[in-house]
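In our numbering, the protein residues as written are 10 to 826.
It is possible that some hints are incorrect.
[Said to hold, decoys possible] In silico lysine to aspartate or glutamate, EDC-like type, Cα no more than 20 Å apart, as pairs:
#, residue 1, residue 2
1, K210, D227
2, K284, E150
3, K810, E754
4, K98, D373
5, K168, D308
6, K516, E666
7, K187, D245
8, K60, E273
9, K516, E650
10, K280, E92
11, K280, D87
12, K520, D508
13, K250, D151
14, K614, E638
15, K60, D245
16, K303, D227
17, K614, E666
18, K210, D163
19, K516, D670
20, K168, E191
21, K187, D151
22, K284, D87
23, K520, D308
24, K98, E150
25, K284, E237
26, K516, E638
27, K614, E589
28, K210, E150
29, K192, E150
30, K98, E237
31, K60, E97
32, K303, D151
33, K495, E638
34, K372, E415
35, K585, D496
36, K284, D70
37, K663, D496
38, K629, E650
The hints are simulated quantities; they were obtained by calculation from the structure and are not laboratory data. Since this is a predicted model, take the numbers as computed values, not measurements.
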Amino acid sequence: MLKIAIRHILRFKKTAALNIAGLAIGIAAALIIFMIIRFETSFDTQQPNYKNIYRIVTQTDYSTGVQYNSGVSTGVPDALRTEFPQMEKVAALQAIQGSQFSASRNSQAKDDNIKQDLSQSIKQNPSPNIKEDPSPNTFREDAGTYFIEPSWFDLFHQKWLSGSPSQLAAPDVAALDKSTAEKYFGTWQHALGQILTLDNKYPLKIIGILDNAPANTDFPLRIVVSFETLRQHPDDYSYVKNDWSGMTGQHQVFVQLALNTPPEAISTRLKSFSKDHFANQIIKVRTLLLLPLKENHFDNRFSYIVPHVSSHTSLLTLSFIGMLILLMAIINFINLSTAQSAIRAKEIGIRKVLGSLRIQLIKDLLLETAILVSMAMVLGAGIAQLSLPAVSKQFAHLPVSIWSIENAVFLCTVVIVVTLFAGIYPAFILSGYQPLRAFKPQPGAFSVRRGLIITQFAISQIMIICVIVAMAQVHLLQSADLGFNKDAVYTVPGFGNYDLNAADALKTRLKQYAGFTSITLANMPPAANSNWMDVFYFDQGAIASSYNIDIRVGDADYVRTFGLQLIAGRNYRDGKNIRELLINQTFARELGYNDPANAIGHTLKIGNTGEWHQIVGVIKDFTNNTLREHIRPSVVMPWREACWLTCVRLNDFKMVEVLKDEWMKAFPGYVFNGSFLTQQMQSFYQQEQQLSLLYRLFAGIAIFISCLGLYGMVSFMAVQKQKEIGIRKVLGASVMHILYLFWKEFLVLVGIAFLIAAPAGWWLMNNWLQHFALRTEVGATVFLTAMIASVAIALLTVSHKAMTAALTNPVKSIQTE
């Protein structure tokens with residue numbers, strides 16, 4: 010049986026090669042998609058009690074909308090421990106973002122006594138210029154660094170190579186993961202007992218080393234500083250102990266519920282807990298929510314400090330694409346196998362005459378299919394392995410090896426499923442031939458095969474439509490008018506204990522260079538991934554307005570540096586006691602002024618503790634965040650204490666080096682970490698860019714599989730029409746006429762496929778575009794381009810083999826053995 014199957018595969022080498030190629034590419038694509046989905050859905054599921062772990066997040070309700078925050082007030086953790094016995098474990102952490110750490114590999118303190126003396130010396134003279142070593146090993150850390158309570162490790166298990174969580178109860182101590190310890194100290198063993206200085210000011214003793222965190226965690230701990238250190242130095246890191254009025258996304262709380270505790274009951278209890286503790290107002294009601302750890306990786310509302318957020322919709326789309334590509338590979342196999350029916354009919358007839366039963370023929374044909382699918386699986390696994398490094402870099406930092414038990418089970422399942430789906434129909438078709446009819450020429454109905462080709466081309470055209478729309482949308486997002494000028498703006502962030510006087514002096518020196526068009530000190534650019542929002546009071550009113558606003562802070566050069574456009578009034582002035590601000594057009598309309606000039610002169614107070622500011626100007630609407638969202642009411646105002654970002658507009662890119670030199674002079678011992686605003690904003694649409702790339706990749710795979718099947722079908726048509734073509738040529742038919750015989754067969758099928766693909770593609774992409782405030786049109790040009798591309802691909806695929814048939818000597822075509 011096996012010998013017969015192998016003999017048939019070798020006899021029809023071309024068909025086998027086409028089948029194996031199509032299936033291998035389909036299996037490789039499906040395996041990579043499976044790995045992406047498995048990776049994205051596995052985040053933090055390695056924790057033993059992940060089903061009972063929850064993140065406490067905040068929802069603030071206004072009469073006109075809801076605002077979400079991933080953090081909580083600092084008074085929350087202790088209150089939860091006291092009032093919720095159902096919460097077995099409670100742990101808090103606060104992210105340390107934009108700070109730097111310094112260490113020296115060569116001249117570390119020799120023993121603990123010397124280190125303690127050094128620690129006391131730095132505490133007594135906390136100058137930014139005091140360092141452990143004249144040339145420290147210094148890095149700015151923007152992710153993976155936290156002030157953390159020891160109880161964190163009761164919830165989240167991470168192996169300690171040395172030390173223990175209990176040691177984090179003391180102040181001025183820290184632990185590093187293995188890779189970070191090696192970065193600072195050469196080896197992790199050498200790091201133990203050494204001193205790491207935070208922001209050139211606070212010396213921290215290394216008391217432990219953690220194993221490197223797995224790739225599938227949203228909390229990759231790289232540097233953890235004891236929470237007691239934060240409590241002792243609250244001012245530099247915006248920490249107010251037991252505060253219930255303020256809130257920051259950096260302060261996070263996680264809890265583990267007791268076994269069999271219904272989360273619904275805790276959620277209900279949290280509502281009354283919030284009413285008891287928060288100073289709620291009619292215009293603003295703050296409530297704590299439970300966010301399951303398993304949903305933490307997928308909820309974009311609470312994505313602050315999470316390295317990257319996925320979405321269930323994206324994963325469903327990926328799984329759908331994977332199934333479609335596998336379906337196309339199966340259709341390919343069925344088409345090519347059933348196309349052999351005319352060739353293999355006599356063989357089947359002879360075997361039946363000699364006594365073979367239909368069930369035996371079906372088994373033989375299924376075995377033949379299983380061998381082909383297994384060969385395709387091996388080739389597909391190899392293709393996936395070779396592709397993984399590039400895929401991992403572009404998308405999800407996947408493991409760069411396919412070798413795992415889960416992947417092996419997946420591949421075996423695919424082999425079984427594909428063998429059954431791809432093999433059963435051709436097996437029944439071929440085994441069903443009647444012996445007497447098998448020796449007579451049969452016209453052969455093409456209806457099923459035509460239907461399968463239509464399905465293939467419909468899928469390909471849907472994906473072409475998706476590619477065109479996704480690329481157009483990404484281009485629109487990147488080229489749209491933002492209401493400000495992002496080009497040639499270079500920004501340099503500050504650090505934990507930022508020296509405002511040094512920043513002012515830096516700006517004064519930079520103004521002396523002609524290469525800097527404008528310089529401003531600000532808290533963030535006009536468009537940023539993080540927002541500062543609050544309620545406001547208007548015109549000396551005693552009651553705040555019931556919706557929140559976006560706030561941008563900068564000195565008087567903010568407008569000029571970012572190219573904001575004043576449409577009424579004037580810019581605010583510089584100065585410590587200036588109480589002036591600008592609002593955008595949307596805010597003016599919200600205040601009831603369709604004519605922006607009418608808003609000039611009115612007063613505004615931000616939040617409950619701010620001072621009254623006069624509206625002196627109205628600026629053209631600008632993009633606050635991303636173009637997925639509508640423009641919100643916004644304020645631009647001066648507030649020197651919040652300006653930690655140096656922003657410079659350049660007229661010569663070589664001036665970046667000058668900026669770096671001057672910045673290093675202003676802040677010696679600190680790491681310069683500047684970047685262009687355009688580079689920062691490219692990350693805003695990373696998901697859309699990745700989706701567009703995925704569509705292009707898998708559309709290319711789908712088209713390639715379609716072309717393989719089409720080429721195979723044309724080859725069999727050429728064999729079947731061999732005599733017809735010879736007779737037509739003898740009677741005077743031209744090469745073009747012969748080509749038309751092939752073209753018309755498939756152009757009709759492409760046209761029918763387009764009638765299916767056009768509405769399906771429009772529905773899919775129109776729904777996707779609803780997530781954007783600014784979106785491209787899915788117009789006639791999209792469908793015309795998709796149709797032309799499909800026709801061109803079909804004609805090119807068909808023409809090669811058709812041309813060969815058309816140029817064959819008719820004498821050879823007509824002759825009969």
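Numbers of unmet hints, in rising order: 1, 2, 4, 5, 7, 13, 14, 15, 17, 18, 23, 24, 25, 26, 32, 34, 35, 38
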